[in-house]
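Enquirer: One-letter residues, chain by chain:
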Amino acid sequence: MIHDRGDDATSEEHAAIDVFNDRLQAEGHWVFAGGLGVPDNATVIDNRGEGAVITDGPFLESKEFVIGFWIIEAPELDVALKLAADGSKACNRKVEVRPFLEA
Amino acid sequence: MIDIRAAITRAHHEEWARVVAALTKRFGDLDIAEEAAAEAFATAVERWPADGLPPNPGAWLTTTANRKAIDRIRRESKRDDKHKEAQTLWDDPAVPSVPVGVIDDERLRLIFTCCHPALAMPTRVALTLRMVGGLTVPEIARAFLVQETAMGQRITRAKAKIKATRIPYRVPSADDLPARVSGVLAVLFLIFNEGYLATGPDTDPLRPDLTAEAIRLTRLIRALLPTDGEVAGLLALMLLTEARRTARVSASGDLVPLDEQDRGSWDAELIAEGHRLVRERLAAAAAGVTPGRYQILAAINAVHTSARDMRDTDWSQVLALYDQLVRLDPSPVIALNRAIALAELDGPDVALAAVDRLDHRLAGYHAYHATRADLLRRLGRSQESRAAYGKAIDLAGNTAETAYLTRRRDQLR
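Here the protein sequences come in this chain order: A and B.
At position 90 of the first sequence the residue is numbered 90 (the numbering used here), and the sequence of numbers has no breaks.
At position 100 of the second sequence the residue is numbered 100 (the numbering used here), and the sequence of numbers has no breaks.
Here chain B stands alone, though its shape is the one from the complex (with noise of 0.2 Å):
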């Protein structure tokens, strides 16, 4: 009976996506291979304990939700004869698509679809989670604390535009490629963030569901495009913070700053992973292609996960990477970071004028006066650092964060 369970379970992750994607393909309809898809899987939490596990349950699910769909389709006919158009809808022989060096999965045409810049950023990650991720709507509206009824319609509408403009269902031409898979990489990259650093007064400060599910896609999406240096780059920098999860919050809930966490429960497995994939970035680097922003990101993290201590951590390499990202992204949020690493290297002081010049633009972000309130901390400045600790809190979102910089301010003397 657990072991049915554990089956199941284990083919809506493997399978969901595969379910949906071959559906859509077939009918030419989102909705249509959702509800069937949802059908499909119900059908066999019914069946499959009473009738044992189906030889092969990914051929079992895509032939249940096909006759899902076909019943569906039969009923509607009968009252609204336009369901043909659907099936022409969509995948236009006349448009070129799937360039070299790409495997034409089915599911990546439904990620590039459910990714597509003409939909607004919360509903390409709610489509995602839901179409690709196959977490319910009640479960994605809870991720994102919003009302399920909100949640449900914003995935209706979406499902809509997407039908009535004809969003494609493709992966896009060459020219492109590059600009979509970052589109996608970003929906992921926020998922992961949600439950890396969670939002809201009443959340669990970490949301490992959230962080696994995107580890999950993050995974799918290397398995298709495995040339891609920026997916390996986002694969390889969600596993190195991932691996240091456990050591990120205290027992009693506090956020544990880099310089404390235990490293000996980061988690050993997952680092080795992410060390080899940012090996391989590094060897395409020396042979010349430049690396995107998450491949600089996840090398800055190998250098921290390499490292047995603080002091052990080679800043001038961490600042060295942080120089290129500035040149990639000039944003005031990467320059405060820099200054992070300057600390350490030229000390407090030369990192705290560094911070004050991004003054008038991160003045309403957190982690901008969680630094000043840090550096000032150990230049002596023990009131300036007070009051930029209570603007922190103020701005911080973070329940484990608010208990640090709390517990940091309260320290002060």
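So here's chain A without its partners, still in its complex pose (with noise of 0.2 Å):
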């Protein structure tokens, strides 16, 4: 879920991803969700060198950021679009779709 304008989500966005999250489960798609928190409040750890560095803020300062996400299950591509362009609708924001690497 892309994050793209000021205001903080509305009441009838919550109510319409509720209504998308409940059939996303009685449809069996139904994985994991969250909402991530402002970039604004996030901290970047490297600890790739001697010491950890710890940097307030995110590693990428953009307009567009990934305000929460949805884990889903589909047996393919078309099935997945399909939903996120239900979920798109559902929380008026831009949704990316990329899967996981196999195992």
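Just so you know, these hints were derived from the structure itself, not from any lab.
In this text the structure is predicted, and so the values were computed from the model without any measurement.
Certain hints may be false.
Example chain A residues on the side facing chain B (calculated, C-beta under 10 Å, incomplete) [what the hints assert, rightly or not]:
| no. | residue |
| --- | --- |
| 1 | Leu77 |
| 2 | Leu81 |
| 3 | Lys82 |
| 4 | Glu102 |
Computed list of lysine to any residue pairs in SDA-like fashion (alpha-carbon distance at most 25 Å, straight line) [stated by the list, open to error]:
| no. | chain 1 | residue 1 | chain 2 | residue 2 |
| --- | --- | --- | --- | --- |
| 5 | B | Lys161 | A | Ser88 |
| 6 | B | Lys159 | B | Thr123 |
| 7 | A | Lys94 | A | Glu27 |
| 8 | A | Lys82 | B | Lys159 |
| 9 | A | Lys89 | B | Ala179 |
| 10 | B | Lys161 | A | Pro99 |
| 11 | A | Lys82 | B | Lys25 |
| 12 | A | Lys82 | B | Arg166 |
| 13 | B | Lys161 | A | Leu101 |
| 14 | A | Lys82 | A | Leu36 |
Here a beta-carbon is modelled for each residue, glycine too, at the ideal position from N, C-alpha and C.
Now that you have both chains on their own, put them together as the hints suggest.
Expert: What follows is the structure, encoded as structure tokens:
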């Protein structure tokens, strides 16, 4: 779920997301979902060197950022894209679809 | 020897897509299918001249390609046991597909996979030419003036995305079919247009290899989806355009406009076939089926190819068809073409007023300036016409068109 505007989600959007989540569960696509805090509250840690370096803020300053996600089960991309289209409508935001790596 | 070579070329045209499609279905992997098909054809080139043509070339190629694919999988499975996953990737039986009235040809699945909307347009074009058309990577790279390695990477990335994201290998469900067919037609039209009006300073103005390939693939789709009106419309549009190909560029390499073309050199056979298709769609429209944009464009071309000359052209019919098209697609490019018909009916002054209303949206489009230049020339406004020709020349990408526009500008007094 990609946030690209100034305001928070409205109560209508919350209600629509709830309806969409219920449907994901009823149809067996649901694995997990969650909202994320704003990038202002992000902290980046880089522990590849001598010691952990802590930086205040997101690793990438951008007007568009990930504000939440769904993890779903879908047999193929067409099914996932249809669900994402309905999800986008429900949360009133853009949705990016990406596969998990095959184990 | 020449017969064998011709037979191999014919087999390549007729069987390539079928072999790739059958192998993709069996092994669930485009990469394996493509490589095995290429190896099978290479084997045919080696063996057929000595052994003679097999009684059923298609079956021979499929069997040989199957064997090559199994060899590769055996080789790889020694290193990696994951190949079994690939076989279960696609064609989930839980997902409904193959609507009534659609032939379930393997090649159709292949086309829909290559033209999937999750792939970028240039990727769809490249993948379709490779997997369905059987063009080699260097051939496709040359066709689109892209470095061979870049084109190879584009195709490799596409195959990887199809596999990783599970782009399905099947005919879309009835709900999605119209939108997906129109996506396929957009790919074919783009290939055709690049052949019809090739871009680039060092390219031949016409690329008959590309127009021929686009027509061949559209004929295939027509055979697979015989009841689809837009497929018939696009095929008719291509045939009626292709029919005028040799008349469109002069011996000196200038584009020849419609009113100066030698209509006797148009290909009567292609025109007859195009007209048959248009009549078929007109009958459907009379029965209440709303025609899509390709059918309307084909009908416009049918009016032009029915006329003995410019004056004999039924311009009110052309304008009525453009009005229909504008309702369907309110884009400024359609409105520009409508204005050209308007000039023939109501005069260049009326047309120029209509064209000038499009200014802000088409300022970067060479045809906008070329149309203005022509209308201004007809109105005797030479100074303005010359300036408009200049802008059109700067923006035109086709060598024959640049030559034509330059000649027209230099004729102005």
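Enquirer: Looking at the structure, which of the earlier hints fail to hold?
Expert: Of the numbered hints given earlier, the structure breaks none, since each of them holds.
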